[in-house]
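Turn these sequences into a full structure, and let the hints steer you where they fit.
Letter by letter, the chains look like this.
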Amino acid sequence: MTDASTNMRLKLPVTCFILEIILIILFGALVEYDHETDAKLWHNQTHSDYDNDFYYRYPSFQDVHVMIFIGFGFLMTFLQRYGFGSVGFNFLIAAFALQWATLMQGFFHGMHHGKIHIGVESMINADFCTGSVLISFGAVLGKTSPVQLLIMAMFEVTLFAVNEYILLTLLGVKDAGGSMTIHTFGAYFGLMVTRVLYRPNLDKSKNRNCSVYHSDMFAMIGTIYLWMFWPSFNSAITAHGDDQHRTAMNTYYSLAACTLATYGMSALTAHDGKLDMVHIQNAALAGGVAAGTAGEMMLTPFGSMIVGFLAGVISVLGFKYLSPHLESKLKIQDTCGVHNLHGMPGVLGAIVGAVTASVATMDVYGEGMNDVFPEIVKGRSASTQGGYQALGLAITLGIALLGGAIVGVILKTPIFGAPPDTICFEDNIYWEVSLTGREVDSDFTEQRDLTLTPYGSPQRLKTHHQ
Amino acid sequence: MTDASTNMRLKLPVTCFILEIILIILFGALVEYDHETDAKLWHNQTHSDYDNDFYYRYPSFQDVHVMIFIGFGFLMTFLQRYGFGSVGFNFLIAAFALQWATLMQGFFHGMHHGKIHIGVESMINADFCTGSVLISFGAVLGKTSPVQLLIMAMFEVTLFAVNEYILLTLLGVKDAGGSMTIHTFGAYFGLMVTRVLYRPNLDKSKNRNCSVYHSDMFAMIGTIYLWMFWPSFNSAITAHGDDQHRTAMNTYYSLAACTLATYGMSALTAHDGKLDMVHIQNAALAGGVAAGTAGEMMLTPFGSMIVGFLAGVISVLGFKYLSPHLESKLKIQDTCGVHNLHGMPGVLGAIVGAVTASVATMDVYGEGMNDVFPEIVKGRSASTQGGYQALGLAITLGIALLGGAIVGVILKTPIFGAPPDTICFEDNIYWEVSLTGREVDSDFTEQRDLTLTPYGSPQRLKTHHQ
Amino acid sequence: MTDASTNMRLKLPVTCFILEIILIILFGALVEYDHETDAKLWHNQTHSDYDNDFYYRYPSFQDVHVMIFIGFGFLMTFLQRYGFGSVGFNFLIAAFALQWATLMQGFFHGMHHGKIHIGVESMINADFCTGSVLISFGAVLGKTSPVQLLIMAMFEVTLFAVNEYILLTLLGVKDAGGSMTIHTFGAYFGLMVTRVLYRPNLDKSKNRNCSVYHSDMFAMIGTIYLWMFWPSFNSAITAHGDDQHRTAMNTYYSLAACTLATYGMSALTAHDGKLDMVHIQNAALAGGVAAGTAGEMMLTPFGSMIVGFLAGVISVLGFKYLSPHLESKLKIQDTCGVHNLHGMPGVLGAIVGAVTASVATMDVYGEGMNDVFPEIVKGRSASTQGGYQALGLAITLGIALLGGAIVGVILKTPIFGAPPDTICFEDNIYWEVSLTGREVDSDFTEQRDLTLTPYGSPQRLKTHHQ
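Taken in order, these protein sequences are the chains called A, B and C. Numbering-wise, full-length UniProt numbering puts 416 at position 416 of the first sequence, and it's gapless, one number per residue. Numbering-wise, full-length UniProt numbering puts 372 at position 372 of the second sequence, and it's gapless, one number per residue. Numbering-wise, full-length UniProt numbering puts 460 at position 460 of the third sequence, and it's gapless, one number per residue.
Because the hints were derived from the structure by calculation, they are not lab data. Remember, it's a predicted structure, so these values are computed and weren't measured experimentally. Glycine included, each C-beta is placed from N, C-alpha and C at the ideal position. Please note: incorrect hints may appear among the correct ones.
[Stated by the list, open to error] Quick list of in silico lysine-lysine cross-link-like pairs, PhoX-like style, CA-CA up to 25 Å:
no. : chain 1 : residue 1 : chain 2 : residue 2
1   : B       : 320       : B       : 206
2   : A       : 40        : C       : 378
3   : A       : 378       : B       : 40
4   : B       : 320       : B       : 331
5   : B       : 320       : B       : 204
6   : C       : 378       : C       : 11
7   : B       : 378       : C       : 40
8   : C       : 320       : A       : 11
9   : A       : 329       : A       : 206
10  : A       : 320       : B       : 11
11  : A       : 331       : A       : 320
12  : C       : 11        : B       : 320
13  : A       : 412       : A       : 329
[To be verified] Restraint ranges, calculated between C-beta atoms of paired labels, are given here:
no. : chain 1 : residue 1 : chain 2 : residue 2 : range
14  : B       : 10        : C       : 10        : 55 to 63 Å
15  : B       : 30        : A       : 355       : 22 to 30 Å
16  : B       : 421       : A       : 321       : 35 to 43 Å
17  : C       : 201       : A       : 422       : 40 to 48 Å
18  : A       : 364       : C       : 44        : 42 to 50 Å
19  : C       : 383       : A       : 47        : 27 to 35 Å
Laid out in structure tokens, this is it:
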């Protein structure tokens, strides 16, 4: 079933070992404990143990960690025959990306005497960067080999760090929850990659490019975890005190409003008023994405709910009316619909952030302005800050689209072992699926083998019920 | 398959949008950041960032949040054909209820110059109130439309806030983990609703009103998360310091003892000594419910274990011997058996709380008395406090039963689109279930369609083996 | 299907009730709140609420708690017909073990005027001890009755406490994450038990001793939770401040490196380059085990990654080449392959800890030395500390192997109701599995009953669709 090109016997081990060995060497040469994780440095000064940032951020870090490995991993298990690949490749590329991101972000965030200092905040940032890669993974899900995914992750992490550096460091843009740096970047990067990797004959695998009852249940595990912990995601690296508190709360209300909008729109856009799991699993999360930039600002719960509501509406409409055209007109095959969950809501979040920033006043923020908009305290006007926020969105889109195009071309290299058009969305090509397992799964996917017998064909059903 | 009345095409969107728009307007008019989430107010005073309640309570909040969305949601997925409805409607009504609860509780907990101030503690309280609604959901699971559920949530949240206000504010009753306000209230409210909605012909759907192997596995995800995080639930809003610490620990031991009692009783009450998943999934949690009132008191681990043990015994006996009679004699069709998990253990917890309060002494509590029983410090006698606790239980039962009856009548309105007796416990009526998915599920529920062919009938098995 | 000996109708209730009653009596006689959970003691002194250890450790405790109940529980659900037993018995023995461990560890860790004082740290230690029992459970999974498991837990917890006391208290060995005390002990104890319980005719159940597609998906839930929260596990009881921070970070990088090694080795050792779920589910976790001793030391991220990488390589090689020989040559039937996940990586972790300790210098640790190596501050040389660490490993292996042999003999007692060779790895013997459920599961395990009819034979499928 696997021909030479898709056989990972040597390709995957070589890629994994080379990458990990490079990582280990670079960590040995460049990475040091920061003053909060180093035994000697920490004990040099006298301070309360609570001054250690670990206690401010570790609970948030673990919530983010769950979103990355369980949230993203299981959200993508909706495909009937790709559960191993969804959770398993998510696991692999995330484990690689967080190490590589530590180096890339450490390099751009500023070295200390030629060394990268790491602690819980760098761990959170590494997970954030990884999230961006996993969003792109969603666009190409089922159509790429693990080697392609690792290569993509390596380049995407690097470009993510560059873009993040330009926005946060050079332009003084605020984007705590990453509407721009994480969601917009990851989505449009992935969409460009999948565009370049366009498969005209992908319909040869369309019988597996859908969910079954139990796979939708597994996917809901991912959805709910992402939904619950998004307040921690957006607040994980905001300033201590009111900022973390406010950001978490704004996101909480944005998501709640988004969920009602999603259910309403899902029923409204269905011909028979039945809810569509694709909308529930994805659009209900758009409120978290859209609150990623403005969540730390004085958006108010009222504002957060409006933003979340709009995000839910846009996302469902995207799934229903835009995605089909993206594929037919623009040849963008977006497996998970990341454009609807991360792309458009990310852009919305960036715009909301720009507007909210442009109306920031000392009267509202008081001394807290320094936490949220240090540049404004340093003299930049609120409207200018808003302009920089908008500029940040434009730069993010530019780097994501250009980078995605280049990386897409690189990934076309046949040696990376992409699956043939007839065996996409199929675990059996890269995973050992026991005969029992195969049969089992065949049984409940109505699929006997990898030939393309259409699912539940009428006469089959008839005989089935005779 | 869906006739006009159960078609949600317009009913659900209209309900969701009207409710959310009302929420947004009221939030805009009434809700403000409290001094810990407002940038200006927080920075007005000088204090350590750790003084922000966020760091005391956010980890507990997230555990509670997981219980509400994963715990309750997956606990109810035990039904073979109602996984989407269990997790999905749980998600919808919880997202609505937490917003509505913010307003109702804020209103009763005291306005500040006409404004409701919110922060992490109000978020926890909103989740608590939501939990109560989800308990009632368990009683009517599979027999109600999403519109009915949203209407029920709106009324129940309101009555919850009234009852909570009477108990905690007017009577000075202690109920940190909500044995009374959350569990007893939610259970008896839901039982009364399902009584009013009694369906004499529900047995037409009985072939779907049971679990299958994989659905019991999904349900265990809910059970285990509820069990693990119950210590966080009961301690989430207790006083800082020893109180949170003690409450979590008491609950931890109560649950452990309850689990052994549950396994023992489950085997003992089975004719062939085989464990029943229904008991494990539910009764093992009764120890958390029963520790909801006394958990913050000086119950001692010893006392907690006795309470947990009793709760487990009562709960299993309820499932085995009481539930059948509730349906046959009292016409109460309690899908999830909430009477056994939340009803009786809730009452037990209230009684334990009253007794524990009535023996409270300064000798045992010392200065800590002010955290646990401020009324006693203010002069109320311990026995009087115990009396008030008992009174709180009586009031809770009264409001729950009366409220449930009224709301049940309201929910009978045909326009709300309840499913017919023949299509209860069935996702396909409100959810898009792909043909593949249907077939799949049919395949593994032995159910060909929505007619009532008995499951796994012998001759079917025979032919099945030819 | 269940004969007298395996009927749990009386055996399980008697065991559960006697054990729980003994626990309750002993708790009543011996257990008291510590000064951080007792209302009076805590309020006797003036201090910040944050001084309460609850706020330092409760988030870590909950992560550990999730690993014990969800992580271990679901990791073992990979068996096609043993999902109830994996999660359910894990739940039962863990609930018992954490209570019993509280007493045993409290006894050995030092009584206060004849009383055991408990709080969040004792809760974490109880969960740790429980983890060790669950590792042993993995070795005998599917071949033991719940009564046997409770008896095993009772003895193992006791021996665990003895071994832990010798290492940590008498020898001053450091083992914060339990590479020795938890993983090595649990693995070799369990391996010895399963050796004594050797079943020459176990192949009569081999048709159920494997996974199916959906059971591998459930198992991944366990794997990912163990992987994500391992940093919390290793850092849960290390000293406040830099120690907890550093330990979590070292573990984070060790696991990431381990994951790449696992994927590489899994593909490399497969004849067709396909990834094996057994490796991904287990070997990817070896990095956490191997960082259990040295994680709190100044191992550096660089060192942690090397350790994790080696652990992953060793673990996959163990599954591929060692396990088969353990069964054929040494008659060790290790259901979950705990030797590869906990045994060898645990020994590796112990060795790494000994080496790291032997090179500890004040120049590196500064004032922090007192947190990590108090014995060295008291005058013990680093190399001596390393020697003690190695001695700790030897003692652990000795107690585990000897204890496992004795307990194995005890468990052979027929009355404990072990399943016959023909009905191992089968839920139906101890669990009520509804006919529907049976059929369902039959349907997707292709297994009609407990005979060995080959799976998914063509004509079966045909008749199925007639």
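Cross-check of the supplied hints:
no., hint, result
1, B:320 x B:206, "holds (18 Å)"
2, A:40 x C:378, "holds (18 Å)"
3, A:378 x B:40, "holds (18 Å)"
4, B:320 x B:331, "holds (17 Å)"
5, B:320 x B:204, "holds (23 Å)"
6, C:378 x C:11, "violated (52 Å)"
7, B:378 x C:40, "holds (18 Å)"
8, C:320 x A:11, "holds (20 Å)"
9, A:329 x A:206, "holds (18 Å)"
10, A:320 x B:11, "holds (20 Å)"
11, A:331 x A:320, "holds (17 Å)"
12, C:11 x B:320, "holds (20 Å)"
13, A:412 x A:329, "holds (22 Å)"
14, B:10 x C:10: 55 to 63 Å, "holds (58 Å)"
15, B:30 x A:355: 22 to 30 Å, "holds (23 Å)"
16, B:421 x A:321: 35 to 43 Å, "holds (37 Å)"
17, C:201 x A:422: 40 to 48 Å, "holds (44 Å)"
18, A:364 x C:44: 42 to 50 Å, "holds (44 Å)"
19, C:383 x A:47: 27 to 35 Å, "holds (33 Å)"
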